Amino acid sequence: MASRAEQYDVVVVGSGIGGLASALSAREAGARVAVLERATKQESGGNTRYTEAYLRMKSEDEVSDDFEEALLGDFMGYPDPGLTAELVRDRSSWPPNLTAMHILDPDVVGVFAESAGPTLAWLRGHGIAFGPITTGFITTSTTRLAPVGGGLALVETLTDAATKLGVDFHYRTAARDLVRDGDGAVVGVRAVRGEDVPVEFHGRVVLACGGFEGNAEMQARYLGAGSLMCRPIARGGYYNKGEGIEM
Numbered sequence: 560m561a562s563r564a565e566q567y568d569v570v571v572v573g574s575g576i577g578g579l580a581s582a583l584s585a586r587e588a589g590a591r592v593a594v595l596e597r598a599t600k601q602e603s604g605g606n607t608r609y610t611e612a613y614l615r616m617k618s619e620d621e622v623s624d625d626f627e628e629a630l631l632g633d634f635m636g637y638p639d640p641g642l643t644a645e646l647v648r649d650r651s652s653w654p655p656n657l658t659a660m661h662i663l664d665p666d667v668v669g670v671f672a673e674s675a676g677p678t679l680a681w682l683r684g685h686g687i688a689f690g691p692i693t694t695g696f697i698t699t700s701t702t703r704l705a706p707v708g709g710g711l712a713l714v715e716t717l718t719d720a721a722t723k724l725g726v727d728f729h730y731r732t733a734a735r736d737l738v739r740d741g742d743g744a745v746v747g748v749r750a751v752r753g754e755d756v757p758v759e760f761h762g763r764v765v766l767a768c769g770g771f772e773g774n775a776e777m778q779a780r781y782l783g784a785g786s787l788m789c790r791p792i793a794r795g796g797y798y799n800k801g802e803g804i805e806m
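Positions 560 to 806 (our numbering) are the ones given, in order, by the sequence shown.
No wet-lab data here; the hints were simulated from the structure. Keep in mind the model is a prediction, meaning the values are calculated, not measured. One should not assume that every hint holds.
[Stated by the list, open to error] Restricting the straight-line Cα-Cα distance to at most 16 Å, the calculated cross-link-like pairs of lysine to aspartate or glutamate (EDC-like) are:
1) Lys617 to Glu602
2) Lys617 to Glu673
3) Lys617 to Glu628
[Said to hold, decoys possible] Ranges of calculated distance between the beta carbons of each label pair, as one might list FRET restraints:
4) Asp624 to Arg731: 40 to 50 Å
5) Arg749 to Tyr781: 15 to 25 Å
6) Val707 to Phe671: 16 to 26 Å
7) Arg648 to Asp755: 49 to 59 Å
8) Gly708 to Val751: 31 to 41 Å
9) Ser674 to Tyr781: 25 to 35 Å
10) Lys723 to Pro638: 41 to 51 Å
11) Asp625 to Leu711: 38 to 48 Å
12) Arg749 to Glu776: 33 to 43 Å
13) Ser674 to Val707: 14 to 24 Å
14) Val751 to Pro791: 19 to 29 Å
15) Asp620 to Val667: 16 to 26 Å
Think of the CB as a built atom: it goes at the ideal place given N, C-alpha and C, for glycine as much as any other residue.
All chains should be built: construct the whole structure from the sequences, respecting the hints.
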């Protein structure tokens, strides 16, 4: 069956917090936006729907005192100090063995920290409330806030806000492949809707469709056969089939 094409300015794949934020900001900028979501509306949002969404913040405007240190330290482990000393140089002059390492760019972490407060303010403007939250952690290592209602509130509130602004949500619609023009530029996605009805969505593409917790073959390929005995931490993970990564 030939697929029919639907035309948008921006096509977002996935309706967790990454996809919803992308769709909302694109719509605010005047774009006509589509969001493609494999699940039904009642189960949309991926893992975001099930998270408490703890934020390493000491207030709605300021990150915790250990924010940047924790991100860099936890993620980077113990890389070669002779190489990481090069991080102070402009990225364009980094040696190839540094750019190939699995490390965080301190400049990116700095921008992340500076943007956290304004991002929470933007979310507040769309109806999200924040507050301190009691955790089940044995120790309290830092200050934390969370959206009132957790990840479920993020999904439901931002979906409603995006819908009111005119974002089109296509549920039970799974993106499978990228559409490219003659020069190789990405111009859309191929998807299936409902019972495998092919459809194309044309526009600039944002892939926010998570990992591959719901794909047994990819789990075994990348994490080993033992991963087949594991289940996703949250039910939203079953909808993460890895197509975005394969694309």
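Does 31 to 41 Å hold as the CB distance between glycine 708 and valine 751, or does it fail?
-> Hint holds: Cβ distance 32 Å, inside 31 to 41 Å.
Status of the given 33 to 43 Å range, CB of glutamate 776 versus CB of arginine 749 | violated (20 Å)
Cβ-Cβ distance between lysine 723 and proline 638: within 41 to 51 Å?
-> holds (46 Å)
Lying within 15 to 25 Å: is that true of the beta-carbon distance arginine 749 to tyrosine 781?
-> holds (24 Å)
Within 49 to 59 Å or not, the Cβ separation of arginine 648 and aspartate 755?
-> holds (51 Å)
Could you check the hint for me, namely that aspartate 624 and arginine 731 are 40 to 50 Å apart, CB to CB?
-> holds (45 Å)
Take a quick look at whether lysine 617 and glutamate 673 sit within 16 Å of each other, Cα to Cα.
-> At roughly 14 Å apart (the allowed maximum being 16 Å), glutamate 673 and lysine 617 satisfy the hint.
Taking the beta carbons of valine 751 and proline 791, is their distance inside 19 to 29 Å?
-> holds (22 Å)
Kindly confirm whether 16 to 26 Å is satisfied by the beta carbon distance between valine 707 and phenylalanine 671.
-> Holds, since valine 707 and phenylalanine 671 (Cβ atoms, about 23 Å apart) stay within the stated range.
At the C-beta level, are serine 674 and valine 707 separated by a distance inside 14 to 24 Å?
-> holds (22 Å)
Indicate whether the distance between the beta carbons of aspartate 625 and leucine 711 respects the range 38 to 48 Å.
-> violated (28 Å)
Whether the CB-CB distance between aspartate 620 and valine 667 falls inside 16 to 26 Å = holds (21 Å)
Hints 1, 11, 12 from the list above are not met by this structure, while the remaining hints are.
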